[in-house]
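Asks: Residues per chain, in single letters:
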Amino acid sequence: MNTVADSFWLAVRLIVDADAALWHIVGLSLRVSGTACVLGTCAGLLLGTWLAVARFRGLGVLVWGLNTLLALPSVVVGLLVYLLLSRAGPLGPLGILFTPTAMVIAQSILVVPLIAALSRRLVLDALRDGGDQLHSMGASPLLAGAILLLHGRFAVLTILLTAFGRAIAEVGAVMIVGGNVDGVTRVMTTAIALETSKGDLPLALALGIVLLGVVGVVNLAVCAVQARSPLARDALV
Amino acid sequence: MSPPLLVLADASVRFGAVEALCGVNLSLHRGERLALVGANGSGKTTLLRLLHGLVPCSSGARVMQGHGATPTVAMLFQRPFVLSLSVRQNLWVALWLRGLPRAERAARATDALRRVGLEGLAGRPARDLSGGQQQRLALAQAWALRPDLLLLDEPTASLDPSAKREIESLIEAIADEGVTLVMSTHNLGQAKRLAHRVVYLEAGRLVLDLPVAEFFNNALPPVASQFLKGELPWI
Chain R
1 MNTVADSFWL
11 AVRLIVDADA
21 ALWHIVGLSL
31 RVSGTACVLG
41 TCAGLLLGTW
51 LAVARFRGLG
61 VLVWGLNTLL
71 ALPSVVVGLL
81 VYLLLSRAGP
91 LGPLGILFTP
101 TAMVIAQSIL
111 VVPLIAALSR
121 RLVLDALRDG
131 GDQLHSMGAS
141 PLLAGAILLL
151 HGRFAVLTIL
161 LTAFGRAIAE
171 VGAVMIVGGN
181 VDGVTRVMTT
191 AIALETSKGD
201 LPLALALGIV
211 LLGVVGVVNL
221 AVCAVQARSP
231 LARDALV
Chain L
1 MSPPLLVLAD
11 ASVRFGAVEA
21 LCGVNLSLHR
31 GERLALVGAN
41 GSGKTTLLRL
51 LHGLVPCSSG
61 ARVMQGHGAT
71 PTVAMLFQRP
81 FVLSLSVRQN
91 LWVALWLRGL
101 PRAERAARAT
111 DALRRVGLEG
121 LAGRPARDLS
131 GGQQQRLALA
141 QAWALRPDLL
151 LLDEPTASLD
161 PSAKREIESL
171 IEAIADEGVT
181 LVMSTHNLGQ
191 AKRLAHRVVY
201 LEAGRLVLDL
211 PVAEFFNNAL
221 PPVASQFLKG
231 ELPWI
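Protein sequences, first through last, are from chains R and L. Residue numbers for the first sequence follow this note's numbering, so the first one is 1 and each next one is one higher. Residue numbers for the second sequence follow this note's numbering, so the first one is 1 and each next one is one higher.
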């Protein structure tokens, strides 16, 4: 119990004292996961919408593969990206292993299946209600899908929050491709892993509390955006 | 007589093993008002979707003939789908999808909202509208497109009597502008009031195609006659 209480007060002190090292770690975490989510959103929404409207032989296998990738372990993503970016790998000459860019790539790969699978389901369900009407107005299948994403934008926002949560909370991929270099690639999750291995449990827990707090603030910001829209009443219930 | 706007020649539609429409022959001329009647599952909605081009013919042909330009077709669904946007934005999307320039979109949206009496609700979320108001919004979307052919799938099926009357008078107003109407309905009074011609469908086949007076006054084949009396047994 003491450890938890100590951790809580330590977390509060770190925040109140505006600990420079902490804020650097928080800033890098937000930058890496935020960028990964933006890239993953572009690819994931496009892929999900296309899979919802496309009709071709083998579509079922592709969807099965995508849904399987929902359980993709972050360490496997880290390993694959490591193999790609290591000196001997095909992208080795870029020299971006153990940089934030490599971490962004790994986290983008991690969130694409999540965004694609959930947005595909969202578009499929909406197509059942409004697909015929949109097609009757002249929308192509992909355009109808895009309009239905706009229609379900608050659900899309929830999907993106889930993806952001997955990205910022993962440790395996960023540890492998980032290397947890102090001041360069150390993010909150890798810092927690390091402090735990060093036996500094209160600091590790305090970082965990800060991590949850950061995600909570992002959630609050999204809720505030929704609450300001008169069209979002359903989304908040 | 001018050439027909749309012709179905021996048109059939199959969904897998199910034949939803079988060998339908139908001509539609400009300004005509056609009511499709028949029991549930007789193929009315499929015929409307075929007339629009939302489903292809599995055999036979669907031919549209315009005077130069391709005729514009709009369709009103039984349960209109409104986007989680404002009333005006819903209209704007419909016009944008037809590729109309921005200035024309604004003018047409304002005009259509005024005609259906929703101008005061233009900024309201469309999903907050009542069923009758949503159907009026759907009519506004169709009206704003200035269609040559308007297809209506049981447009008043789930509305209360006063909303039904409102929608009927709007349909009448659209038809008075020379728009060709095809409407499926279970409401025979509505068919009598709005249509010039009645088509009776049974199990995907077009059984009767008669002027409205003949359909309601003459001796009909037994099944159609039973349908009129509301005595069609459950199949």
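Just so you know, these hints were derived from the structure itself, not from any lab. Possibly wrong hints are sitting among the right ones.
Residues from chain L that face chain R, not an exhaustive set, calculated with beta carbons under 7 Å [as the list claims (entries may be wrong)]:
hint: 1; residue: 77
hint: 2; residue: 84
hint: 3; residue: 100
hint: 4; residue: 102
Distance windows between CB atoms, simulated [what the hints assert, rightly or not]:
hint: 5; chain 1: L; residue 1: 131; chain 2: R; residue 2: 50; range: 46 to 52 Å
hint: 6; chain 1: L; residue 1: 123; chain 2: R; residue 2: 69; range: 20 to 26 Å
hint: 7; chain 1: R; residue 1: 224; chain 2: L; residue 2: 59; range: 53 to 59 Å
What the simulated footprint calls covered on chain R by chain L, stretch by stretch (three residues with Cβ under 8 Å from a Cβ of chain L suffice, anywhere in the stretch; the number is not a length) [said to hold, decoys possible]:
hint: 8; segment: 50 to 61
hint: 9; segment: 137 to 148
hint: 10; segment: 151 to 157
Yeah, the Cβ is synthetic: ideal placement off N, Cα and C, and Gly gets one too.
Asks: Checking against the hints above, which ones are violated?
Replies: Hints 3, 4, 5, 6 and 8 are the ones this structure does not satisfy, whereas the remaining hints hold.
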